[in-house]
Amino acid sequence: MCLSIPAKIVSIDGDMAEVSVGGSLFKAGLHMISDAKIGDYILLHAGFAIQKISEQEAAETLEILREMDDALNKEP
Amino acid sequence: MSGNITLNHGEGGRRTHELIRDVFMKKFGMVEPLTDSAILEGSLVFTTDAYVVDPLFFPGGNIGKLAVCGTVNDLAVSGALPEYIACSFIIEEGFPVNDLLVIVDSMAEAAENAGVRIVAGDTKVVGKGKCDKMFITTSGTGMLDVAKKYISTGERIKPGDRLIINGSLGNHAIAVLGARKQLSFTTPVSSDCAPLNHMIGEVLNNCNGVLFMRDLTRGGLGGVLNELSEIMGNGIVINESSIPVDEPVRGVCEILGFDPLYLANEGKVLIVSSKGMENQILDLLRQDPLGKDSAIIGEVTADKGGKVIIETASGGRRIIDMPSGVQLPRIC
Amino acid sequence: MKYIDEYRDKGLIAKLADMITASVRRDYTFMEVCGGHTAAIHRFGIPYLLPENIKLISGPGCPVCVTGTDFIDTAIAYSQIDDVIITTFGDLIRVPGSESSLEKMNESGSDVRIVFSGLDALEIAKQNPQKKVIFLGIGFETTAPATAVTIKQAEKENVGNFFLLSAHKVMPPAMETIVKDGTSLDGFICPGHVAAVTGSAIFDFLPEKYNTACVVTGFEPADLLQAILMLVKQVNSNNPEVEIQYNRAVTVNGNQEARQYLNEVFEYCNARWRGFGLIEDSGLKLAGKYERFNAGSFATVEVSIHEEDRRCICPEILRGLKEPGDCPIFAKSCFPENPVGACMVSPEGACNAWYKYKVSR
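So the protein lines, in turn, are chains Z, X and Y.
Numbering-wise, the first sequence is residues 34 to 109 according to the numbering used here.
Numbering-wise, the second sequence is residues 95 to 426 according to the numbering used here.
Numbering-wise, the third sequence is residues 98 to 458 according to the numbering used here.
Be aware that a few hints might be false.
[What the hints assert, rightly or not] DSS-like, lysine-lysine: derived pairs with alpha carbons at most 27 Å apart:
1) K229(Y) / K201(Y)
2) K398(X) / K429(Y)
3) K275(X) / K60(Z)
4) K275(X) / K228(Y)
5) K107(Y) / K41(Z)
6) K253(Y) / K107(Y)
Keep in mind that the hints were calculated from the coordinates and are not lab data.
Required output: the full structure, derived from the provided sequences and hints.
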């Protein structure tokens, strides 16, 4: 129920989009997302996009994780 | 047992096994272990299956192709050479003849590909609403080298023996689900419905390391692994990263909350290989188009508790239990 | 698959687990309050990766589990009205009511259909103008906006036969009740998808008033482990605050459009939570302007209050006071095919997750 999966917008028709998860296509309502574009990743939940996924933040998280590990390894 | 039969009883999980044990086996005097096919008089193998798939037509096949391949595979996984098929049709009044022709053509084609002959049959037509379009029951016979009986019973399996499957999981279930058009998704996935007897035959003819086989239909890999561990009394450990699952199948599973381990397949077999012979079996499987994605997925452990454990792709561990509840009704 | 596989990388997970082990100085108890987290923690085998002194407990995060039996009984009563179609998320279909379940009602002639979206339910209403279609609205702040959009769409398209039975709830009041009532915990693994909608600021009161560490967490194994590491560090430095681990989807203020839909269509009301009784302002009901969409506007049904099965300890499990293993009937007479309590029926319930996934160390 809380299932919310990152899905990629492949087409938009008015308020509705078709989004891809691994190549399978689902319908998603875009009512809660402003300026959605084809190629954006959104969180799909109960047939709606509830938030956009920030590519930049995602990249930063992974970078921080790698840095944390390096810092740990350097500690005496 | 009392009360009424529910959809749960047909799912291939715990309830189905209870029904089979407490009603059918008891009343018919059948003995454990129950195998995919019955081995009679030492070398005659005999099996039967009913097909109630909804919808009748799906990407990769239809109920007819399923009916032939499913029964051929039940025979093949006991190590037998499948030979003859009988099929009976229950058809709802008003069923289009054109659809029947397509289904029957598929059956003829499947039989030819498998190298079996359809030699007997029956047809019943029932009034409108008395059956959902069409149900098919097939029975099949084949010949087994009596020395290979252990392949059905699993009596030679020991700790350390390896587990192999011939390709990706869940394609049939997801293809059928997509064809129902009830759940607002479309998927490029096709059913893996296919006769496995040639591929299996090549392995058995060139290698004597096969200790056990079972096809992964209702209840999926999770169901079969639990059945196997119950038969042996040993535990099993499998490795999630080594289990092939196609991306579009993963996508549907993530969104709709299915576990690929429990989804039905119609062209997949679990092979238990004697330790040390798994690579040879893998090579033989991969030479066949139906086995090109074969993988070694785990092994039998010395753990007498009989649990099936999966090492997750991220390094954690959890139990895989017998499938419970109705994952997807009328999937085959 | 992008945004999933990178966070399941075995090497990364192993490193994070090591970092957690290196950071622990005492015992810690962290509670998650989201069914998605319950399922993810057990599906990925997270407890197996953590050192012994970190205990993860499950709270009232499963919307199906915290919904009282009276909601199911009400839905069942509606399903028995002649021209009614009940539309529901799949999770509700097998939850036991006092005497039956929606699945059993469907088997005996009622029209109960599983949908994955409120929009699917609306479509069913449009295709069946002579029937009354009732949508069972269940879920927290992640899902309620979706229902709100559906209601606005029904209004826009003038669909007169679409109705809502709402059991929607909001998380913060329940989280406050848990800490106030003395469940012993050091921090919350805060629900990432609730926060994607509401923003992380809704949890600010927890460290401020109650000194509870809070990390807003994603759903992949790397997210969970990174969040647990962040919680451990907060507790170690005695510096509780609300941190966002799941920053690829969560901001302080959340999704404004979603919140606008929620605030326009719904109002807060008191709501009954299984295991907690009445919690003030923790439920969502339709605002006055949208009252005609209430199922009650075309018919009222009577349900009687039944006593819960006394052997079932779901209430204590939902409060984090006991674990499924503590329940006398767990895996003995209560299991997924024959559930006594809601925690066993829902794939997000603690008992269901334990039953399916737990490996004892």
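For each hint, the structure was consulted:
Between K229(Y) and K201(Y) the CA atoms are separated by roughly 20 Å; this keeps the pair inside 27 Å, and the hint holds. Annotation: proposed proximity of K398(X) to K429(Y) holds, straight-line Cα distance about 21 Å (limit 27 Å). Our distance criterion of 27 Å between C-alpha atoms is met by K275(X) and K60(Z), whose separation comes to about 12 Å. For the proposed pair K275(X) and K228(Y), the alpha carbon gap of about 22 Å is at most 27 Å, so the pair holds.
A distance of roughly 24 Å separates the Cα atoms of K107(Y) and K41(Z); the hinted pair therefore holds under the 27 Å criterion. Between the alpha carbons of K253(Y) and K107(Y) the distance comes to roughly 49 Å, so the proposed pair goes past 27 Å and is violated.
In summary, the structure is inconsistent with hint 6 from the numbered list given earlier, while agreeing with all the others.
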